[in-house]
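Position 266, counted from 1, in the sequence shown is what the numbering used here calls 290; the numbers after and before it change by one each time, with no gaps.
Think of the hints as simulated: they come from the structure by calculation, not from any bench. Among the clues, some could well be false.
[Unchecked claim] What follows is a set of in silico ranges between Cβ atoms, one per label pair, in the way DEER data are often shown:
#1 98 / 402: 25 to 35 Å
#2 256 / 361: 38 to 48 Å
#3 154 / 353: 31 to 41 Å
#4 107 / 225: 37 to 47 Å
[Claimed, not checked] Dumping the calculated BS3-like pairs for lysine-lysine here, alpha-carbon to alpha-carbon at most 27 Å:
#5 366 / 258
#6 258 / 349
#7 365 / 258
#8 349 / 381
We treat Cβ as the ideally placed atom computed from N, Cα and C, and that holds for glycine.
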Amino acid sequence: MKNYALLIVLVSLLLPSFIFAQEEDITGYEISLDQDFLSDFLHDDPHEAYNYATGLRLGFYGDLANHNYLGLPYVRRFIDRFLIDPIINRVGFRDEDVSHNFVLTINGFSPRFISDETQVFMDTLSNGYALENDIPFSSFTGFRSTRRVEANKMFAHSTTQFDMAFTSSFTFGFMSLGLTQGIDNLFGASRPSAVLWDQDDMVNYPTGQLNHTMAPVFLYSLSMETVLWRPLRKVMLQVRPEINLGYYTDIGVGVDFGRVMNTNRFIDNLAYTDTHNPGLISVSNEDMDFSLVGGAVVRAVFYNAHYNGLFGWNRLDALDWGETKPYLLEAYLGAKLQFVKKIELNFSVNWRSSILKTDQARHASWGTLGFKYLIGEEGEGCHDDY
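Produce the complete structure using the sequences and hints provided.
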């Protein structure tokens, strides 16, 4: 039943875009999947002991993604008016392009094991492993509205010009709806059934999700990209500062480097589909084009509801700030391939350092696989008029 509920939610997101497709401009569609088994080639057997992340992102780009009837774009514009628009206006951009994105995001994080029905789990328990010393089960389901402004800036008394982009997002949704377990089981390949997502009071180790079902949360995210170096026409280095405020609160600075497609002014961050990492699309002017990029980010983490809980709206096994590290390192290596200016496939391998200070602290890796259908004009990217 949970899998059917997941499909109903996904279809309900797509219907408005098809209904209004003739009235509003749509420049592309996207579906991306995070799953542990996509990075199993990095691990030794048994694969079932390498669980950490799962997620699904489904959305569309264009004017419709900024429509008031979706709700979140109205809230995002209200916040942008006070926080980011004054900065953009003072910078004095040239050749400004604006695009919008609206997505359904389902993601979750789990301890090393998602099932207690395997021999590997029992053997690991007997060797001292404890679920209560690992990260808890936690998930988010909600919608995100994103605006992206791409432009360039010529600095006074200098011939130096920098390509710069500002991205703002507002996300609203709920913790622990249970859809993440359905994704784990639906796309988990050879993984065992993810039964530990369900709470079981008959066992002496923590099961089920950390936060209460239907706990509402929000997130406002800002990021900026500045291209610092272009040693070759299609090769670039960019810096990416960002800040997130809400159920996940942090400040981070990232660096991306690699080969981009002909029409890319910036490196597309091909990392995972979490709520503070929005996607972007652009259309190459070649019938076949590719990009190969990598990046890393260091974050100072002040609060994460997936680990720290929701201030009383959670079980007793929430992690205190003293049990978690104040910083986090993330890295990715990814590629995307575009066909006939309409189809884009992307894949990345993602790595994250452990947030835990316990003796069971471990870094984690997983893969992201994405598909995009492009409608925008070639050579101009998938931008809209807002």
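Evaluated hints:
1. 98 / 402: 25 to 35 Å: holds (32 Å)
2. 256 / 361: 38 to 48 Å: violated (20 Å)
3. 154 / 353: 31 to 41 Å: violated (25 Å)
4. 107 / 225: 37 to 47 Å: holds (44 Å)
5. 366 / 258: This hinted pair holds, its Cα atoms lying about 21 Å apart.
6. 258 / 349: Distance ~37 Å between residue 258 and residue 349 Cα, so the pair is violated.
7. 365 / 258: Roughly 18 Å between the alpha carbons, so the hint for residue 365 and residue 258 holds.
8. 349 / 381: holds (6 Å)
In terms of the numbered hints stated before, the structure departs from hints 2, 3, 6, listed from lowest to highest.
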